[in-house]
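Peer 1: Produce the entire structure from the sequences given, and follow the hints as far as they go.
Next come the chains, spelled out residue by residue.
Number of protein chains: 2
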Amino acid sequence: MEMNSKGTAPIGVFDSGVGGLTVAREIMRQLPQENIVYFGDTARVPYGSKSKDNIIRFSRQIIRFLETKDVKAIVIACNTASALALDTVKEEFDIPIVGVIVPGARAAVQATKNGKIGVAGTEATIRSETYTKVIRQMKPEASVIGKPCPLFVPLVEEGFAKHKITEEVIDIYLSDMRKTDIDTMILGCTHYPLLRSRIMEYFGERVHIVNPAYETAMDLKAVLAEQNIANESGESATYEFYVSDAAEKFAHFANTILPYDVTAAKQINIEEY
Amino acid sequence: MEMNSKGTAPIGVFDSGVGGLTVAREIMRQLPQENIVYFGDTARVPYGSKSKDNIIRFSRQIIRFLETKDVKAIVIACNTASALALDTVKEEFDIPIVGVIVPGARAAVQATKNGKIGVAGTEATIRSETYTKVIRQMKPEASVIGKPCPLFVPLVEEGFAKHKITEEVIDIYLSDMRKTDIDTMILGCTHYPLLRSRIMEYFGERVHIVNPAYETAMDLKAVLAEQNIANESGESATYEFYVSDAAEKFAHFANTILPYDVTAAKQINIEEY
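Here the protein sequences line up with chains F and X, keeping their order. Taking our numbering, I'd label the letters of the first sequence as residues 840 to 1112. Taking our numbering, I'd label the letters of the second sequence as residues 840 to 1112.
Careful: at least some of the hints might be erroneous.
Since the list gives no way to pick out one identical chain from another, each pair is judged satisfied if it fits inside one copy or across any two copies.
[Stated by the list, open to error] In silico EDC-like cross-links for lysine to aspartate or glutamate, where the CA-CA straight-line distance does not exceed 16 Å:
1. Lys845 <-> Glu1065
2. Lys1088 <-> Asp892
3. Lys908 <-> Asp1100
4. Lys891 <-> Glu1087
5. Lys1105 <-> Asp892
6. Lys986 <-> Glu997
7. Lys1088 <-> Glu962
8. Lys1001 <-> Glu1065
9. Lys845 <-> Asp1058
10. Lys891 <-> Glu968
11. Lys1105 <-> Glu1074
12. Lys986 <-> Asp1100
Think of the hints as simulated: they come from the structure by calculation, not from any bench.
Peer 2: Spelled out as structure tokens, the structure:
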């Protein structure tokens, strides 16, 4: 078998901030041989309240930055950017790009028995109806109920994930959804897995909670195999972290999420790309 | 008396987003003859969790943009940018620039009887200790207690200002401060006046609540008089609004704050400046 030349090149993973680390963590677990360059756009976080034009522009800048790191593939670990920018950047860049929406939708379609699926996400993700469209392509008779939960991201970012107040905010946003007969719900924002146990408690066993990160890593694995660019060097993987702001705060947060010591994150000026 | 040539030129007012409209509102009230060009950096909001370097860079870009509108003076209607960037940009630009910290500190120093002053603000504003330094310059024996309240901005932005949950968040952040014997508290973020009645209820009559917007408009008035650039044309004032993202959402919010029909806000790409 011919040795692939790109194998040792890293995977580029990006998000608006720290949330995408939940996806990076899943890639580290499932593809422990792959090098990763992570970028968190902490200068412009959050993306969920911003417009499609800006999300596309931000995504282009980040992909151009990641290309300077010679990445062999890119994972958009942000639901908002996947929902609003993936189709556009896939056409513009000559590199495999994986988003989180299609994997999340597929996992939900596989899990649901009654075809009724809930999606919690940012305002931009829900308004785009991308999950609804993708789910219907896979299962036309499915019914999808979306709900924007804009306070979830700041609650996580400000360390309130385990606070009583978060229970109340979950109830404010999701009480209507709990009254429906959905049997599956997608955590449609990469921050939300950090609220997973609370949301599972809230819905009880009746509702299967889908975290798209797991399926996204599986998709990435398939893409690497298909293009013959998986890392087979046998060397241990290295992880690099870049942010557009507040590198120290990011590194601190990263250490609470990753099974890996993030000693340093480097700050770059993303507007230059 | 010689007619000033710059009189009819507008005042540039900027903020990270909608919060600065509380300052613009005060300028409209106190200086009804002045034209205003407002810029809200909605593509990069919030500023409060970001680094000094980026806040300075953002402020420079915005001032360069406002200069293209031929403004005669600039008001930094954002506490975070006033705390971290005012000194730097004042030296770099040849135009009068007024921030909100000095006026807010002065109002608090005038109001306090026991010299004990609380400041609620963003993480960046409180960490900078700018309020403490400025207050001590005015009243060296004053003691200042700062408290970052990072969830206040998203609560306001997401329409929870009057929700019960906001009471609980106020209690989480400010219960320690309420136990002290401060007699004056500064609302050290331009979003916080939108929570003013809640915060006043929480502290009761014992504590005088300072909103720097009022004093900022007074400072601006003094600067215009000093430099002989007040508008004496007698024409009715015009207001223009620019944002870096989501112009419609901004206009909707602006209409809930301003005694003026914001029919349109224009979106520009601030990174080009």
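Peer 1: For Lys845 vs Asp1058, is the C-alpha pair at or below 16 Å within one copy, between two copies, both, or neither?
Peer 2: neither (18 Å within a copy, 61 Å between copies)
Peer 1: Give the relationship of Lys1001 and Glu1065 under a CA distance limit of 16 Å: within one copy only, between copies only, both, or neither.
Peer 2: Neither: 41 Å inside a copy, 54 Å across copies.
Peer 1: Quick one: Lys1105 to Glu1074, C-alpha cut-off 16 Å, is that within a copy, between copies, both, or neither?
Peer 2: neither (24 Å within a copy, 52 Å between copies)
Peer 1: Could you figure out if Lys986 and Asp1100 sit no more than 16 Å apart (CA to CA) within one copy, between two copies, both or neither?
Peer 2: Neither. Shortest intra-copy (35 Å) and inter-copy (30 Å) distances fail the 16 Å Cα cut-off.
Peer 1: Have a look at Lys986 and Glu997 and pick one of within, between, both or neither, based on CA distance no larger than 16 Å.
Peer 2: between (22 Å within a copy, 14 Å between copies)
Peer 1: For Lys1105 vs Asp892, is the C-alpha pair at or below 16 Å within one copy, between two copies, both, or neither?
Peer 2: between (27 Å within a copy, 14 Å between copies)
Peer 1: Under a CA distance limit of 16 Å, which applies to Lys1088 and Glu962: within one copy, between copies, both, or neither?
Peer 2: between (25 Å within a copy, 12 Å between copies)
Peer 1: Can you give me the call for Lys845 and Glu1065, within, between, both or neither, at a CA distance of at most 16 Å?
Peer 2: within (13 Å within a copy, 66 Å between copies)
Peer 1: What label fits Lys891 with Glu1087 when the C-alpha limit is 16 Å: within, between, both, or neither?
Peer 2: Between copies only: 13 Å across chains, 29 Å inside a chain, cut-off 16 Å.
Peer 1: Please sort Lys908 with Asp1100 into within, between, both or neither, judging by C-alpha distance up to 16 Å.
Peer 2: neither (21 Å within a copy, 49 Å between copies)
Peer 1: How would you classify Lys891 and Glu968 at a CA-CA limit of 16 Å: within, between, both, or neither?
Peer 2: within (13 Å within a copy, 37 Å between copies)
Peer 1: Within a copy, between copies, both or neither: where do Lys1088 and Asp892 come within 16 Å Cα-Cα?
Peer 2: Answer is between; shortest inter-copy Cα gap is 15 Å, intra-copy 28 Å.
In this structure, the hints that do not hold are numbers 3, 8, 9, 11 and 12, in rising order.
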